[in-house]
Structure formats: structure tokens, C-alpha cells
Amino acid sequence: SARPLQDSLFDAEGRFRSDRHRHLVVKSGTMNFVIEHIGKAGERAGHLELKSKVFPTPFPLLRTKGGAIPNLTRETLEYLNLPETALLIPYQYHATQTDILQQYKKGLGNFIGLPTSATVLSVEDPGEESRTGYHGNKNISVWNNCNREVIDVRRFLKFVSAAKPDLVLALCDGDTPPDATKKRVNKAVKKSLEFLDTCLELKAEYPRLAESAWIGGVQGGLDSAARQYSATETAKRPVQGFLVDGFHRNGPTTETLCWQTIQTTFTETTGLLP
Amino acid sequence: MCVGGGTSATTALRFNVVAKCTTSRARVAEMTLPHSVVDTPVFMPVGTQGTLKGLIPQQLVDLDCRIMLSNTYHLGNRPGEEVLLAAGGLHKFMNWDRSLLTDSGGFQMVSLLKLCEITEEGVNFESPYDGSKCMLTPERSIEIQQAIGADIMMQLDDVVDATHTDAARFEEARHRTVRWLDRCITAHTRPDKQNLFPIVQGGLSEEKRRDCAEQLTKRAVPGFAIGGLSGGEDKDTFCKIVKVSAESLPDTKPRYVMGVGHQVDIIVCVALGSDMFDCVFPTRTARFGSALVFEHPGDLNLKKAKFRTDFRPIDESCNCSTCANYTRAYLHSVVTKENSACHLVTVHNVAHQLNLMKRARESIKEDRFPDFVAEFMERLYPDHQYPAWAENALKGVGINLRHSESKAVEKS
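For the record, the sequence lines run as chains A and B. If you use our numbering, the first sequence corresponds to residues 784 to 1057, in order. If you use our numbering, the second sequence corresponds to residues 25 to 436, in order.
You may find that some hints are simply not true.
As the list claims (entries may be wrong) - Label-pair distances were calculated between CB atoms; the ranges are:
1. A:1008 / B:327: 43 to 53 Å
2. A:1037 / B:325: 30 to 40 Å
3. B:335 / A:866: 25 to 35 Å
4. A:866 / B:215: 27 to 37 Å
5. A:865 / B:360: 25 to 35 Å
6. B:382 / A:865: 30 to 40 Å
7. A:863 / B:335: 22 to 32 Å
8. B:103 / A:843: 33 to 43 Å
Since the hints were made in silico from the structure, they are not lab data. Bear in mind that the values here come from a model prediction, so they are computed numbers and not experimental data. Every residue gets a Cβ at the ideal spot worked out from N, C-alpha and C, and that includes glycine.
Please model the entire structure based on the sequences and the hints provided.
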């Protein structure tokens, strides 16, 4: 079994527990986050508490595909005796499973055979190149085994309600490859904010979503102005964290992503986030 | 149940019959091999290239698999004899410390290679890599199998497809098989560490089979295999030949029916007096998304849409890790798409086969094997349309599948 994590960040009275100096504490009931060290360049180390598990940050998520960690099963995963980490579940592979999960009633974590793991739902799979294009004003397209699924906020929320992940990356439009037009970049920014607002507004209709934490996607490609707008606006929304999105289209080619190309825009963006 | 091995200096196999069915010819035994104790009747999953595809040895240990099979032809090519010798044998190479059985390599050659010619000296073939002329002799087969180091090795036999029409070929084959056995025995330098099994041949002739068995029995060998079957011959003949071959072999040594793996076939052969089985079917069909079950029709094709919202495990009575943690619905969603699905269904199918054998053994020990067989068949054929060959073969050893029917009729 996985190595045990340390105890909760907060005691029974809700007071923050660490004896180390704390820089920032986010306490939202579903997800708690504390930054304990900040380095010279702004790098930070701390802890994230999700589903009563405490993860040291920064930490990597364990990516799944169709709910399976590639080439592993629950049994062989246990043999690895890894320190526990949270699962990344890309929605694109599960977009047609809403009705299944509604009947199943026990949530996506249970369905994939890993009921005790903390789950993070993303829209796209960072491990596979996402197809560009095929978007509408009020929707995006995701791909599952060559099948295209058109996703709007309502469809997305129905799924999230049935899946009950611990942390949700709100539906957003991050389709801004390096050669994207200004129009596309602005569209991505606008749609992502609209999606986020609609998600936050409509999620009140889904009581099962009360316990999930939400993360908003910051867009803008390599356009400074667009990034500024997206970051400051997203930061005004009641989200528990941010996805710094739109710098690549996922997949193996991200290995060749050149830091110098995105450095300025990236640091501008993170600088505008709380 | 002690799993560790341990044999005397002169023999690498002890076969201790602990129970006999008082109706049929089924029996339970403890077979002690150098690496583990194996309860028979036993099903040996096939790990062709030194691994059960998609599983690690630890998973087989967790399923309490005591013995598995690997193929000399494949291992001889890759990684090859030198590497295996340097590694200290296949057990060390694949990190499996329980028992192994290897075949001679002959069957694969005949079935996989286009140009393959059998002479008295050995099997002439063209190397699949560089087309050079190679020869697999009985001596060479033993040499490679010794490098592999399996607990049980098979003789190189002159195997002829059972549907072959030339009677003279069968005649030649069974005599040559005996001559090749003697060559294998001579070439075998480690009888204290590895067992060498001869293979009864003789095609579909009862007389030839009896004679061949008689010849092999004269040699000092620790066990026997019945080969040259499960190649497309009709089932009635298959059963007849298994029965005759088994009857002609001594009771005190294990009888291994090669290539038998479907549930019904196994149970019938157990009733006829067989102790060991191997087949790629359970593991291969798993990779195609088919899970084995005891209910009619005997397997679930998890690709089918009807499993989309079926939230039961493959088999509620199965305690494998797949059935403990996954639903049919989840497996349906990933089968043929993710490798993990192959691994999950493979684990279950191996568990299923091992469970089947365990239940059979328990019923023999409690002397209720005929009832077990009747229940087993009824679950697979609830309409009682039993395959005639199975019903007849079982009847021939005193097991009447309709017994409970007549009981029910009496009661009403």
C-alpha cells in the first residue's frame, strides 16, 4: 500500500497546524492549500490537502487514460509502493459515460477501481496531442478514440455531477497553439471566462458538486494583453486555484516546448494571480 | 499446504495420490517438484516467452499458481541459450521461484515454420531469422531445456497432426518417438534436478496408443504426457484416445494431456484419469476481451454493449483482484482500448482456471466428484443440451449427467 501521508493541515478547531512560517493559506473545506516556503525566484513549496490527503507541493499527478493508469492495474500499482498521489482523469475519455455514472451512483473514482484516490478532472489529456479547431461559440470539441464529442457547460456539469471528482478544472477553451490568430486567442479567453461563470452559476443546481473544488483556466496564448485580461478576470471569480493553460496542445511535442519562448508571458500571467 | 519443493537426490518428482474418485478415474495427488508442491489435477497457464503476457510473477504467486509453462522454441530464439545459462536458468531470468514446465520445441517448429522436414536425426528447418539450415535433434532440445532449467521437460517427439490421413506416418512417428525418448534420456544429465516426460503418440488408433504407452512405461521416467491431440480431431475420438492412453499408463505417475484448456474438456479429461493440463486459450481469449465464467455460456464477451451498465464483477464468487475491484461496465469501457484491460481480464481468467481445478480437487477428496461434474455441466448448459461427446465420455466412467433429472422426476 502507499506510504502514509502526514496528518491534516488543520486541527479540529480549524486552526492551521504547521509550525513553519506560512505565507499563504487557502481554506475552502474541500481543498486546503498552504505555501510554506518562497524562494528567490518566486518558487514555492507547501502542502495541498484534498480528500483528507495531504500532498507536498509541487507534486505530479498520475495521469489516467479511460480511467486506467497506462499498463497498470490497481494491483500492479500497489506493488510499486509509490508515495500516494492524486489521479488526473481527462474528461475527453469519459464524455459518453454520463449516463453510466448516473446509474452507477458511486462516482468516477469507484468506477475506475481506485475509490480511495483523490481525483482531479481535467478537460483534455496532457499526454496526447489535442486536435485543434471544431469549436462553437458555446462549446468545444473533445476527442475520444477518433470520435468527436461536442461539449457545452450543461453537458459538462451533468457529467461532473455524476462523476464527483475532488478537484475540477472548469470547462475552458485552451485551443491556442503558437500560430493561433489574435481572433482565436481572444475567443479562447472570452469563452473560458463565460464557461467558468456559467459553471459557477449552474453548479448550485447540482448538490453533488458542493464538495468539489474548482479551478479556473487562464488563457491568452502568447499575447500579453490577452493574458493580462484573462488572469485578472479569472482571479476575480470564486475559484480555489488556477490552470495556467493555452501554452501548448498537449502530447509528446510539449517536450520540445522552449521555455524561452513562453517565459515572459508565463511569468506575467502567474504574477497576476493571487 | 507447504509450497516449497524438496526432493531426494535421485528423483526430482514425487507423486503422492491422496484421493481417488470411487466412481470415475479421477484422482487428486500432491506432486512435489524441485521448486514447488503442485496439487493435481492442475491447469498450467502458458507463459510462452518466459512471461504470462501482461502479468508479473508476483501476481501469479498471489493467485497461488504453482506451475506454469514456457516454450523452448521461443526462448531458444530469444533470449537464447547463452543468456539463459548466464542468468542461471529461466527461473532466475524471469524471477519466478515456483515450478516451470517446458515443451521440447518440436510442436512449434512443425506448426510455425513453413519449411520443416522431419528425419530420423531430428527436425530440419530453416531459421526464421536468416534462412540458414538448422536442425533440432533430441539431444539439442534437451540441451536447451537444461539451460532453461524447468522442473519438467518434455521429450522431443515426432508429432504428427492428428487429422493426417497416412496411417504409415503415424506408425513411423510412434516408433521414432520411442527412439527419440531414449536419445533424450541419454542426453539428460540432470535427472536429480529436472524431470523428463515422454509423450504418448500413436494418432487416433487405440492399439497404437496402447503399444506406445507400453514402450514408454518400460523406461525409468517420472511421468507421462499424452500428445498429438487437440488438433482438430472429433471430440468422441479425442476422449476415447485420452481414456485409452491414460488407462495404459501407470497409476502411480502423473499423466499430462497437452494442449487442453477449455473448461468442459478439462473436467472430462479429469474424469478419464488425467492430472495435468496446459492451454493458451484462457490467457489469449482474455486479451481479446473475453472473460471465463461458470455460468452459461462459459464466457463473457466484454465488448458487447449489454455490459455497458452491468455493475457486477465478472464473477461474484471469484476472489481475484479484478473481480474484487472492477465491474463489467468498467471493463467494457476499456477493453480493446487500454492494455490494462488485457491485464485485468488475464488475471481473472487465470484465477478462473485455477478455481475450477481447486473445486474439482475438493470434490474428489470428498468423494462427490460426479455431483460436482453434474452441477458444473448444468450451470453451463441449463437447458440440459449437453454436448454428446462429453455426456458419453462421462457416462463411460460412470458419471451420469441426467442423474439429478431422474431424481427430480422420482420426487415429483
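Evaluated hints:
no., hint, in the structure
1, A:1008 / B:327: 43 to 53 Å, "holds, 51 Å"
2, A:1037 / B:325: 30 to 40 Å, "holds, 38 Å"
3, B:335 / A:866: 25 to 35 Å, "holds, 31 Å"
4, A:866 / B:215: 27 to 37 Å, "violated, 50 Å"
5, A:865 / B:360: 25 to 35 Å, "holds, 28 Å"
6, B:382 / A:865: 30 to 40 Å, "holds, 33 Å"
7, A:863 / B:335: 22 to 32 Å, "holds, 28 Å"
8, B:103 / A:843: 33 to 43 Å, "holds, 34 Å"
Hint 4 from the earlier list is the only one contradicted by this structure; the remaining hints agree with it.
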